[in-house]
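Novice: Here's the letter readout for the chains.
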Amino acid sequence: MFRLVPILIILCFVFPTAGLAEVVDETEIDQQVREIAKTLRCTVCQTENIWESGAPLAHQMREAVRERVRQGQSAEEIRAYFHSRYGDYIMMEPPKQGVNWLIWVAPFLLLFGGGILLWREVKGWVTRTPAPQPPPALDETSRRRIERELHQDKLE
Amino acid sequence: MTRTTQITIFVVLLALLSLFYQGLWGDPRHIPPVLVDTPAPVFEGPDVESGEPLSSEQYKGKVILVNFWASWCQECKVEHENLLRLYEEFKDHPEFVMLGINYQDEIPKARAYLQRYGSSFPHMQDVKGALAIDFGVYGVPETFVIDRQGIIRHKWIGPIVDNVYTNLTQNVLTPLLSDPTPPRQGSGQTT
Numbered sequence: 004m005f006r007l008v009p010i011l012i013i014l015c016f017v018f019p020t021a022g023l024a025e026v027v028d029e030t031e032i033d034q035q036v037r038e039i040a041k042t043l044r045c046t047v048c049q050t051e052n053i054w055e056s057g058a059p060l061a062h063q064m065r066e067a068v069r070e071r072v073r074q075g076q077s078a079e080e081i082r083a084y085f086h087s088r089y090g091d092y093i094m095m096e097p098p099k100q101g102v103n104w105l106i107w108v109a110p111f112l113l114l115f116g117g118g119i120l121l122w123r124e125v126k127g128w129v130t131r132t133p134a135p136q137p138p139p140a141l142d143e144t145s146r147r148r149i150e151r152e153l154h155q156d157k158l159e
Numbered sequence: 418m419t420r421t422t423q424i425t426i427f428v429v430l431l432a433l434l435s436l437f438y439q440g441l442w443g444d445p446r447h448i449p450p451v452l453v454d455t456p457a458p459v460f461e462g463p464d465v466e467s468g469e470p471l472s473s474e475q476y477k478g479k480v481i482l483v484n485f486w487a488s489w490c491q492e493c494k495v496e497h498e499n500l501l502r503l504y505e506e507f508k509d510h511p512e513f514v515m516l517g518i519n520y521q522d523e524i525p526k527a528r529a530y531l532q533r534y535g536s537s538f539p540h541m542q543d544v545k546g547a548l549a550i551d552f553g554v555y556g557v558p559e560t561f562v563i564d565r566q567g568i569i570r571h572k573w574i575g576p577i578v579d580n581v582y583t584n585l586t587q588n589v590l591t592p593l594l595s596d597p598t599p600p601r602q603g604s605g606q607t608t
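First to last, the sequence lines map onto chains A and B.
Just so we're aligned, residue 4 is where the first sequence starts under the working numbering, counting upward by one.
Just so we're aligned, residue 418 is where the second sequence starts under the working numbering, counting upward by one.
No lab work stands behind these hints: they were computed from the structure.
Here the structure is a predicted model, which means the values were calculated and not measured.
We treat Cβ as the ideally placed atom computed from N, Cα and C, and that holds for glycine.
Be aware that one or more of the hints could be misleading.
Unchecked claim - Derived contacts from chain B toward chain A, CB cut-off under 7 Å, selection only:
| hint | residue |
| --- | --- |
| 1 | Val428 |
| 2 | Leu431 |
| 3 | Ala432 |
| 4 | Leu433 |
| 5 | Gly462 |
| 6 | Gly553 |
| 7 | Tyr555 |
Said to hold, decoys possible - Capping the alpha-carbon separation at 20 Å, the derived lysine to any residue pairs in SDA-like fashion look like this:
| hint | chain 1 | residue 1 | chain 2 | residue 2 |
| --- | --- | --- | --- | --- |
| 8 | B | Lys477 | B | Lys572 |
| 9 | B | Lys545 | A | Thr30 |
| 10 | A | Lys41 | A | Thr30 |
| 11 | A | Lys126 | B | Lys545 |
| 12 | B | Lys572 | A | Thr30 |
| 13 | A | Lys99 | A | Ala83 |
| 14 | B | Lys479 | B | Lys545 |
| 15 | B | Lys545 | A | Leu112 |
| 16 | A | Lys99 | B | Val451 |
| 17 | A | Lys41 | B | Ile574 |
| 18 | A | Lys99 | A | Ile119 |
| 19 | B | Lys477 | B | Lys545 |
| 20 | B | Lys545 | A | Gly57 |
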């Protein structure tokens with residue numbers, strides 16, 4: 004029996020959350036709240052949505068989402084409500100309009116621009132680097148000496 | 418690559434990085450408030466001290482200063498004296514109303530806070546913070562000014578101190594209270 008203790012201790016370190024796990028009975032409302040809450044940004048946190056944030060304001064916002072889901076409002080209506088209160092800042096995915104396009108397009112533009120710059124640089128290096136010169140022709144004395152040494156090697 | 422191209426690329430990258438930084442980690446105080454110049458949310462709730470019902474309906478047609486606060490908020494303590502001073506300054510104007518909204522607080526603690534720091538104007542309970550979301554509040558303290566037509570004209574995130582106090586009283590409240598435009602019927606925004 005006591006032989007199992009070290010194994011159990013090791014298992015506790017390997018699977019630390021197993022002992023804390025509980026059965027989550029998620030209702031349809033919970034599911035909708037989770038899906039909507041994940042699209043709304045916690046306004047007092049840094050880059051966290053209100054579903055994952057532990058801030059009190061995020062908690063209130065989750066409750067406000069739940070209340071509106073219970074009232075039968077659609078996900079779009081709920082998002083529109085929060086957007087009307089906090090603007091684009093609350094959306095985890097800013098609407099594709101105005102200056103927000105920059106957020107969507109800039110990474111691809113940077114990648115494209117960076118690729119062109121890299122290509123131009125590499126091309127410049129290739130153009131600027133001179134082709135390797137052929138080795139100077141072997142003079143007659145050296146050639147005879149090499150042949151002689153090779154011949155000696157064979158005899159040995 | 419020429420020197421000009423290098424500088425241009427550097428400047429563009431720097432501008433993009435600062436935009437992303439501002440967007441991701443910027444202070445919400447500098448985000449343009451979307452509720453300014455829109456109808457104020459309709460509100461109702463019990464008074465913190467007396468428990469009597471308070472509602473936006475009873476303040477219709479008046480210039481309302483709404484201040485969100487909490488007993489656990491340090492910056493609220495900093496501005497509290499100024500709020501009392503501001504109320505003293507404008508309380509005799511027949512069209513001025515000031516209302517504190519006690520945000521996410523325990524009522525006994527809120528009452529003790531008002532007893533300790535002073536209370537001269539009504540305060541409404543918003544224990545769950547639902548009204549704060551209606552007003553697009555980020556955190557306390559936050560102050561709104563609603564005109565006689567029921568439109569939010571001013572929002573300030575942070576304590577009312579120094580220049581903020583001067584700006585609020587001289588550039589916001591005084592002009593609104595001297596505006597002769599009659600109040601609009603049926604103002605207010607339901608949520």
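Novice: Give a verdict on every hint.
Specialist: Here is how each hint holds up against the structure:
1. For the restraint placing Val428 of chain B at the interface with chain A, the shortest Cβ-Cβ distance is roughly 13 Å, beyond the 7 Å limit, so the hint is violated.
2. For Leu431 of chain B, the shortest C-beta to C-beta distance to chain A is roughly 13 Å, which exceeds 7 Å, and the interface hint is violated.
3. With a least beta-carbon distance of about 10 Å to chain A, the hint placing Ala432 of chain B at the interface is violated under the 7 Å criterion.
4. At a threshold of 7 Å, the smallest CB-CB gap from Leu433 of chain B to chain A is about 6 Å, leaving the interface hint in force.
5. Look at Gly462 of chain B: its Cβ only gets to about 15 Å from chain A, farther than 7 Å, so that hint breaks.
6. Checking Gly553 of chain B against chain A by beta carbon gives a least distance of about 4 Å; that is within 7 Å, so the hint holds.
7. Interface restraint check for Tyr555 of chain B: the shortest CB-CB distance to chain A comes to about 5 Å, inside 7 Å, so the restraint holds.
8. Between Lys477 of chain B and Lys572 of chain B the CA atoms are separated by roughly 19 Å; this keeps the pair inside 20 Å, and the hint holds.
9. Restraint check: the Cα-Cα separation between Lys545 of chain B and Thr30 of chain A comes to about 23 Å, which exceeds 20 Å; the hinted pair is violated.
10. At roughly 17 Å between alpha-carbon atoms, Lys41 of chain A and Thr30 of chain A fall within 20 Å of each other, so this suggested pair holds.
11. The straight-line distance between the Cα atoms of Lys126 of chain A and Lys545 of chain B is roughly 64 Å, outside the 20 Å bound, and the hint therefore fails.
12. Between Lys572 of chain B and Thr30 of chain A the alpha-carbon distance is near 39 Å, which puts this suggested pair outside the 20 Å criterion.
13. Of the pairs offered as hints, the one joining Lys99 of chain A and Ala83 of chain A holds, with about 15 Å between alpha carbons and a cut-off of 20 Å not exceeded.
14. Note on Lys479 of chain B and Lys545 of chain B: the hinted pairing is violated, with a Cα-Cα distance of about 27 Å set against a maximum of 20 Å.
15. This hinted pair does not check out: Lys545 of chain B and Leu112 of chain A have alpha carbons roughly 45 Å apart, beyond 20 Å.
16. Note on Lys99 of chain A and Val451 of chain B: the hinted pairing holds, with a Cα-Cα distance of about 18 Å set against a maximum of 20 Å.
17. At most 20 Å may separate the alpha-carbon atoms for a hinted pair to count; Lys41 of chain A and Ile574 of chain B exceed this at roughly 26 Å.
18. This hinted pair does not check out: Lys99 of chain A and Ile119 of chain A have alpha carbons roughly 26 Å apart, beyond 20 Å.
19. A distance of roughly 25 Å separates the Cα atoms of Lys477 of chain B and Lys545 of chain B; the hinted pair therefore is violated under the 20 Å criterion.
20. This hinted pair checks out: Lys545 of chain B and Gly57 of chain A have alpha carbons roughly 16 Å apart, not beyond 20 Å.
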